[in-house]
Every structure is written in C-alpha cells, then in structure tokens.
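Undergrad: This note's numbering puts the first residue of the first sequence at 975, with every later residue one more than the last.
If you're looking for bench data, these hints aren't it; they were derived computationally from the structure. Take the hints with a grain of salt, since some may be wrong.
Stated by the list, open to error - Here are the simulated lysine to aspartate or glutamate pairs, DMTMM-like style, with alpha carbons at most 25 Å apart:
#, residue 1, residue 2
1, Lys1125, Asp1201
2, Lys1337, Glu1283
3, Lys1113, Asp1157
4, Lys1347, Glu1334
5, Lys1321, Glu1341
6, Lys1140, Asp1201
7, Lys1008, Asp1172
8, Lys1438, Glu1344
9, Lys1218, Glu1027
10, Lys1284, Glu1255
11, Lys1296, Glu1267
12, Lys1038, Glu1265
13, Lys1347, Glu1303
14, Lys1316, Glu1303
15, Lys1338, Glu1431
16, Lys1438, Glu1450
17, Lys1296, Glu1283
18, Lys1446, Glu1369
Since the model is a prediction, treat every value here as computed from it, not as a measurement.
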Amino acid sequence: MSTQIKTRFAPSPTGDLHIGGLRTALFAYLFAKKNQGQFFLRVEDTDQTRYKEGSLNSILEGLKWAGLHYDGDLVYQSKRTAIYQKYAAELVKAGHAYHCFCTADDLATMRQEQTADGNTVTRYDRRCLNLTPEEVKAKLDAGTPHVIRLKVPSGETEFTDLIRGKVKINNADVDDQILLKSDGFPTYHLANVIDDHDMGISHVIRAEEWLPSTPKHIILYQMFDWDIPEFAHLSMVLAPDRSKLSKRHGATSVLEFKNLGYLPEAVVNYIALLGWNPGTEQEVFSLSELEKEFDLAKVNKSGAIFDIEKLNWLNGHYIRQKTIQELAELCLPYLQADENIKIQEYKNNYIELVVGLEQERLKKLSEIGERTKYFFARPTVDPQMMVWKKSTPEETQERLKFLLEFLATVPEENWTRNTLQDIVIEEIGRRGYGNGDTLWPMRVALSGEEKSPSPFEIAEVLGKSETIERLKMIIEKA
RNA sequence: GGUCCCUUCGUCUAACGGUUAGGACAUCAGGUUUUCAUCCUGAAAACAGGGGUUCGAUUCCCCUAGGGACUACCA
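Kindly produce the complete structure, drawing on both the sequences and the hints.
TA: In structure tokens, the structure reads:
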C-alpha cells in the first residue's frame, strides 16, 4: 500500500513570515512536490492573545511571492475548537488525560517549592490526578476553571527523525502537557496532532524547536491509535554571530526582502541551499529544478548562518537572467517611489534603455534609482572628478571640447553605442589622444558619477542632443 | 541546572576508512577595460580537542569543550 505524501506548513499568525519560516515551508513544499504529493497550509491561531493583525496576510503574500502554492483550502484551527474538545474528552474518558484545576498561582508555588532545594527540574506533580471522580465532578459542576492534561505514560519514546536519525527520550522527562486550556482552546500539541491526522499528513516537516516535544505528539498518536507520521526537524537559520536571526541583523521578514529588491528566485534558491545540499556542484536552481532534485536525506543537521553576501550574488545572477523588459517592469516600482525622479514623464522605451545599462551592476532592484538618477535629471559634476588620474584639468578641457565638436558631426543614424565607440576611439587615435584622458571626462561629464556604464552607452541612451547639451554646459561652466 | 540536538575554509557545503580534504559566496592578486560591474585566470583559507577501534581515520565509538533548542494555560 502506498499512501500519498502530504505535508503542510503550519504557521501561527503572530508576526510576519520570517525567512526561517519560508525555508520550513519551502522544504515541506519541495518534499511534497518531489514525491508527487500535496502541500497544505494551516493557520495555528489557537492563542487569541498573540494574534497579530496583518500577519496572516504577510504569510500568504510571502508564500505567494515565493511561488509556494498550497493545495486545498486554508485550515484555521480557531474554527475547529469543538473537534479538539471532543477528542480531549475522549482522552479523559479513556484515562489518557485528566482534568486539572490548578491555578496559575498554584503552579507558580509548586515550581517554587520544586526548585527550593537547588533542584532545577520543574514538572507538574499530578496533584489533580489524585482527585476522586466525585471531587472532579463537583468541581466541574461548580464551573471551576480547569484544563485537561496529558497523562504521560511511563517508559520511553523513540522515533526516527528523517534528518537526525534515531531520537530517544525518557517519558519521565516529559511533563504532563496541557492539551486543552481553560479558555477551551487547545494547545499546539493537541491541535497539531489532531489536525495532522485529520488532514492525512504523512510527513511532519517543521523547525527544530519542536524536536523536544515530539514525544508528546507521538504519545498522543498512540493514545488515539492513529498512524504516526514521519518527522523531519529542520535546523535553525542563524545570524552571523550564531544567535537567533532577528531584526537587529537586518531584514528578516520575507516581504522585507521583496521590498529591498530581492527576486523570489534568488531568495528561494538561496534558502534551499541553506541546509540542503544538492549532491552536485550545481548552485543555481529554479523552483522547478528544486522540485525535482530536493531530498530530505540531504538536509543538514546543523544550523546555518544566513549569509546576505551569497544571496546578493544569487540576486545579481537572477537579475542578469531577466530580459530588459522584465527588468524594467521589476524596477519601475522603485523608480516610481523615488521622489527625485519624475518617472511618469518618461516613456517605457527610455526606462528600459536606462535600466538595461545597469543590469550587470545591479545587486538589488532597490538600487536602481540611485544608480540611474542622472538619466532623469542633469547631474552636478565635480570638475575635479572629471580629470583622469593621469591627466590634467587643461587637457581635460581640451578633450571635452574635442568631444563636443566631434560628436556634433555624428549623424543621428550613427548614434548607437557601438558606432559611437568605433568612431570616437578611432578619432582619439588619429589625434594622438589617450582613451583614458578622453573617455573618463566624457563619462563623468555625462553622469556626474565616479562609477557608471561606459560613456557610449550613456550617450546612446541620452540621445545626441542631450549629450551635446551636457557637454556644452560643462565646458561653458569651466 | 535538566532533557535533547549539533560541530570540515570567514560563510554555505562535498567527502559512502586510503583524496594534494573538492565546489560556491566573500577576500586577495592578475587578465579584459576609460571607471564600476560583468566575464576569465589564479591565490590564500577548514577536518574543535583528547582518547580508542583499525594496517590506515575528516569519516566508526567514547569523553571533553563549544554552540543551539526545549524546559508556559506560546506556538
């Protein structure tokens, strides 16, 4: 019998979709796709107090942006409370769980007493397990606030994690976990097991933080007499100092990366490589290639540091793969957002030419405005900067005058980067000038920048009249 | 503190007991070039430490050290 592979991503709506969360989702998604399975999305919103407005939207948008489409309908745990309560009652009836009437204060003093003698292990002492059925009934009838706790059996729990191998935990180290809170909502542990079972999840792929509580889940599966899914616990994504990746290390939210001008291809490719190794020397993978190549067995056990440099490299790579039209479209929002650029005054065709000049330089789309501003407004040019390192101000003036005169004679039909380059360099040679002492000033005069595309590329995009005009202004000013 | 997990260049990683320990990013040096970038070539850079097992350990076992997760009526 072969069962279909089903995985899920189960975030709680308590904040933006984090880069680590996206990686968890990606691996669950890839594993499903690789095995012709299904990938589901479930919202773990059982804690109303931690709900954060907008976070669900961030999660959905982030996944969509990355191209991780989920199958079926979105499952909300908050809409399934009655189901959890039913199952919890079943467990109580079967003697696998029990009512606990301890208050937060009770638990606090209990823990205090437990640690008073230097012992540092706190565990629920099962005092409510000693209540007689009559006492329990009386308290329930009186409406005493209560929770339902898992009665962890003795023995040990062993399972084989698909990434880490055999993990064995002594049940004595497992606390009698609260399954149903006094507000009637389930805790993660109960809801998670019930939902994974109901959804037919075959492989639970989740973050490392769940590894220690997996025995609780396995115990629950056993108590319900349900098939136990496979587990795979992913290591964490770390900051450069090996601490938990957080705000102070820069962008962490997926949509933040989007806004910074990272392409989804690059982010997906990069985080796939964080912990997973393809087994070949290939580094660049599209999502569909990943869907074919992904292998859980080749996921690393140790935490991986998030290295923005390699992401930048991949992002630059993917930017260079785009057609000019695609890139211009991607850059447009950044140009529109730039208050110094009145982008609506320019034609698409011009924007494409401008963007095209930066294609091989761009690491992030967000750099486009700063890099191309001189195409949208005449630059202020530092006369010092115009002087080539092996040249002089006088020579520079002379070269600029030459360029002005010479370029004015170039017919419009020859005004292309290649032709301009050919004829200008030829003329430079004929006159015994140097390329550097002529072309450097030309480039700086047109761009105002120390670094930029070549003067011929700039001249072509600017057009003949604007090029001539800029040169003229520079010369007159000197 | 307890339980569990982890440990190869700065970073991500390869190596199914025998390799000059490989690749990529970053770094550095060259080449191309008017600058930057792209591209090409090259260099430097790692088996956490200690015990075993073995003819032989990066690889298997144990210990130590270091890092991490968990230890909530949060997920």
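Undergrad: For every hint, state whether the structure bears it out.
TA: Checked hints:
Simply put, lysine 1125 and aspartate 1201 have alpha-carbon atoms about 20 Å apart, close enough for the 25 Å limit, and the pair holds. A C-alpha spacing of about 10 Å is found between lysine 1337 and glutamate 1283, which places the hinted pair at or below 25 Å, so the restraint holds. Simply put, lysine 1113 and aspartate 1157 have alpha-carbon atoms about 16 Å apart, close enough for the 25 Å limit, and the pair holds. In summary, the hint linking lysine 1347 to glutamate 1334 is supported, as the alpha carbons are separated by about 17 Å, within the 25 Å threshold.
Taking the CA atoms of lysine 1321 and glutamate 1341, the gap is about 20 Å. The hint holds against a cut of 25 Å. Note on lysine 1140 and aspartate 1201: the hinted pairing holds, with a Cα-Cα distance of about 18 Å set against a maximum of 25 Å. A distance of roughly 23 Å separates the Cα atoms of lysine 1008 and aspartate 1172; the hinted pair therefore holds under the 25 Å criterion. In summary, the hint linking lysine 1438 to glutamate 1344 is supported, as the alpha carbons are separated by about 23 Å, within the 25 Å threshold.
Simply put, lysine 1218 and glutamate 1027 have alpha-carbon atoms about 24 Å apart, close enough for the 25 Å limit, and the pair holds. Distance restraint check for lysine 1284 and glutamate 1255: the Cα-Cα separation of roughly 15 Å lies within the 25 Å cut-off, and the hinted pair is therefore satisfied. For the suggested pair lysine 1296 and glutamate 1267, the alpha carbons sit about 24 Å apart, so the restraint of at most 25 Å is met. Only pairs whose Cα atoms come within 25 Å are accepted, and lysine 1038 paired with glutamate 1265 is accepted, the gap being roughly 16 Å.
At roughly 17 Å between alpha-carbon atoms, lysine 1347 and glutamate 1303 fall within 25 Å of each other, so this suggested pair holds. Between lysine 1316 and glutamate 1303, the direct Cα distance comes to roughly 16 Å. Compliance with the 25 Å bound is thereby established for this hinted pair. Distance restraint check for lysine 1338 and glutamate 1431: the Cα-Cα separation of roughly 21 Å lies within the 25 Å cut-off, and the hinted pair is therefore satisfied. Of the supplied pair hints, the one linking lysine 1438 and glutamate 1450 holds, its CA atoms being roughly 18 Å apart against a limit of 25 Å.
For the hint pairing lysine 1296 with glutamate 1283, the CA-to-CA distance comes to about 20 Å; that is within 25 Å, so the pair holds. This hinted pair checks out: lysine 1446 and glutamate 1369 have alpha carbons roughly 16 Å apart, not beyond 25 Å.
No hint from the list above goes unmet by this structure.
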